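Just need the whole structure built from these sequences, with the hints factored in.
In order, the protein sequence lines correspond to chains D and C. Every letter in the first sequence is one number past the one before it in our numbering, and letter 262, counting from 1, is 262. Every letter in the second sequence is one number past the one before it in our numbering, and letter 394, counting from 1, is 394.
The set of hints was computed from the structure by calculation and includes no laboratory data. All values reported here derive from a predicted model rather than from experimental measurement. Errors might be hidden in some of the hints.
[As the list claims (entries may be wrong)] Chain D stretches covered by chain C per the calculated footprint, using a threshold of three residues with CB under 8 Å from any CB of chain C:
1) 171-178
2) 231-243
3) 404-416
[To be verified] Ranges between beta-carbon positions, derived for each pair:
4) C:Arg341 <-> D:Ser229: 28 to 38 Å
5) D:Gly371 <-> C:Arg44: 52 to 62 Å
6) C:Glu62 <-> D:Ser398: 32 to 42 Å
7) C:Thr322 <-> D:Pro34: 19 to 29 Å
8) C:Asp57 <-> D:Arg240: 33 to 43 Å
The C-beta atom is built at its ideal place from N, Cα and C for all residues, glycine as well.
Protein chains: 2
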Amino acid sequence: MSESAGQRGCTVGIAGFGTVGQAVARILSTDTHPGLRLTHVCNRNIARKKADWVAPDVVWTESFDDLVDSPVDVVVELIGGLSPAREWIERALMAGKSVVTANKQVIAHAGAQLMTQAGQQGRHLLFEAAVAGGIPIVRALREGVCGDRLYRIQGVLNGTCNYILTEMEHEQVSFAEALADAQRLGYAEADPTADVDGFDAQAKLAILIAVGLGRIVRVEDIPLRSISSIAAVDFLYAKRLGCVIRQVARAELMPDTGGIRASVRPALVPETSALGRVGGSQNIVVVDGTFGGETAFSGFGAGGEPTAVAVVSDLLGIARGTPVTREAALPMGGEPQPVTREFKAPHYLRFMIVDRPGVIAALGDVFARHGINVDAVLQEPGWSKAELPFVMTLEACSSTAMTAALRAIDEFDFHVRPPLWLPMLANGATARERRA
Amino acid sequence: MSESAGQRGCTVGIAGFGTVGQAVARILSTDTHPGLRLTHVCNRNIARKKADWVAPDVVWTESFDDLVDSPVDVVVELIGGLSPAREWIERALMAGKSVVTANKQVIAHAGAQLMTQAGQQGRHLLFEAAVAGGIPIVRALREGVCGDRLYRIQGVLNGTCNYILTEMEHEQVSFAEALADAQRLGYAEADPTADVDGFDAQAKLAILIAVGLGRIVRVEDIPLRSISSIAAVDFLYAKRLGCVIRQVARAELMPDTGGIRASVRPALVPETSALGRVGGSQNIVVVDGTFGGETAFSGFGAGGEPTAVAVVSDLLGIARGTPVTREAALPMGGEPQPVTREFKAPHYLRFMIVDRPGVIAALGDVFARHGINVDAVLQEPGWSKAELPFVMTLEACSSTAMTAALRAIDEFDFHVRPPLWLPMLANGATARERRA
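This is the structure:
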């Protein structure tokens, strides 16, 4: 912050005047935070963007150079995507600005390097808004529960998926219908891939792993499964099992090796669990610590205003003179750690078959050969024999055994659709068990 | 922190070696936080307390003077109660120590003065553990959502009450039975007054009002209602209304005057609401902001280890060199604000009567005279006519009108027990409505 910051407040330039940028500008245009002053807005086509509710002395520009050359204390990067956002952040830091960003891709892919650079410059790089929008999870992990030794982070990190899944559950509609609905309401993009296939949550999980578990992983090393093969009938069977289906982003330290197991995939979770109770487009992050047990943080994970609150909270942290700490919010340096994909869990397996004698026996035989115990077979009445859904639940088994068994099962010719398999997540080992 | 703190880490003295003190010492005795070093423990009767798992070079003392005279950087006050805790905190600050405390009474009653003193000494006074134990709510309010303008804080802040109420709900037992159960399991004290009558939550709410809404109120100005008059049958009727019963601590800024409305009382909340979903001895804090909407924080509100995590997180904040900010965590100076007790809400009214003709008509007449509209009359079958519970729900009316009507109703001779009235809390005005 420049020397005169004390008198004139902390000056802020926004790069990217979309939904979040406008919401940040709106908050800074109220009298809520007298210590913050919006002085610059940078966006393409400012003639179209210029808003009359922004103070008349704010400088509007289409060139990021103007922001870099300006005397602003903090640049707020809200253009999204990897490029040119990463370069812009680097340029702002090199010019002696602190940076606040909501950009999950940049932080997930290049956070450690950018953080090193910020540290060298004695400037802040804050990114509360990059994960779970309005939920102050980065700060909670970094400061609120830092006294604990966290060993697991689970979350529902993508509001679009959660909207689609809770819609399928409550309205008993297909994935396609729920997606169309979400698109109509503006909860899903025209191209929903990043959300439904898990890329969005993958980047957010990589950041949570860094901040909460102190490990750097390559974003693309976190395995993904799409929610698109889930059918309405799965929610009926899940309910019979006391469960709901969520897109779960999950990472844990492996107690033996200290390695990281992580994934983003649809899973059955108990309907009474913290993950199970989060509905609609809300997000939740549940952390487990060796000492403090389970703590949950929920709220609006996206949307202009909640995300803007996270940005402004970061700005206030800078304005209050929080020092650039030597221990930064992200572990720095060193090679990314490998991510273990292998896991052990009970499984939910839904088949869609042409019914005929011997199906259960054939499947049971495959599982027996792979050392997997069948827990239950569930079949709701009233479905066509030509496209019959039924479910098998399996006792805890390794994902490797499951994958091998499923390869054998794929050979059968009674499938109408490929089988769907989902892990059934309970709470796993407790803190006490891990310490024992 | 003394000059050599960098090399030897931040040194810590614990005053009060009870459940929380021991849990703090246990965490500091692991290798989790190399920057923190436990050097002193102060407690009565150390011969009985001394633990063999504490490092042999730790100094044990029965005199707080020894802690004050020692070179420790931070004194952790865990003796509880107003006196001598307040004096000890003052002495530690005057001796140039920073102080971390879990003492809700001291912070609720004297936090502003102590914070002023800490500021003058350039020392920290941190109290994350004083509210909702393992939930990092003080930091979340102060830093995580500070970019917002909060207008309401609601919480289930007392795990004992929540255990008793969820036990009554699930087991359909009386208050006395659930309390006895909680006492047997160690969730409730032999004298449960502070918990069930609301004093514990009252102190915590006063702190949340200061930190989150920026207003100082006198603890004893927050009105209380005990949960002890709730009967098992109330949960049956609540369920018919889609609700559960919780001890709700609630404070809001009044949009017109900027004054504070606050209370700690049992209330009906929708079973699907954030407050309704918190079960057992867990706590939750739900904050509503003008910009960010509703954000919820839940976890273990009490217990040695979760509370110890909060203490250690505060210690790490100090060890990292967080500056003593000019804007302290509590608003300082000025007279406490008056607390408005008056509120408007729909009401649940449960009568326990000797059944006879004309009861409903008599009650209806009283409500009509007080301008209160009856919404519904509910009567479950199968109860004795000599002790018949039934429920009336009332449309939103002021608590003043309710109180006046109840005074008239008390005159009737058909009561077997005094009627129970509970507000039915929905979510109230939304952020958007408030901004309009």
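The hints, checked one at a time:
Counting residues of the segment 171-178 of chain D whose C-beta sits closer than 8 Å to any C-beta of chain C gives 0, which falls short of three, so the coverage hint is violated. Interface restraint, the segment 231-243 of chain D with chain C: violated (0 residues with C-beta to C-beta distance below 8 Å; minimum three). With 0 residues carrying a beta carbon less than 8 Å from a beta carbon of chain C, the segment 404-416 of chain D misses the three-residue requirement, and the given coverage is violated. At roughly 56 Å, the beta-carbon separation of Arg341 of chain C and Ser229 of chain D lies outside the given 28 to 38 Å, and the hint is violated.
The hint said 52 to 62 Å for the Cβ distance between Gly371 of chain D and Arg44 of chain C, and at roughly 59 Å that hint holds. Against the hinted window of 32 to 42 Å, the Cβ-Cβ separation of Glu62 of chain C and Ser398 of chain D comes to about 56 Å, which falls outside the hint. Take Thr322 of chain C and Pro34 of chain D: their Cβ atoms lie about 23 Å apart, and the range 19 to 29 Å holds. Roughly 59 Å separates the CB atoms of Asp57 of chain C and Arg240 of chain D, a value that falls outside the hinted 33 to 43 Å.
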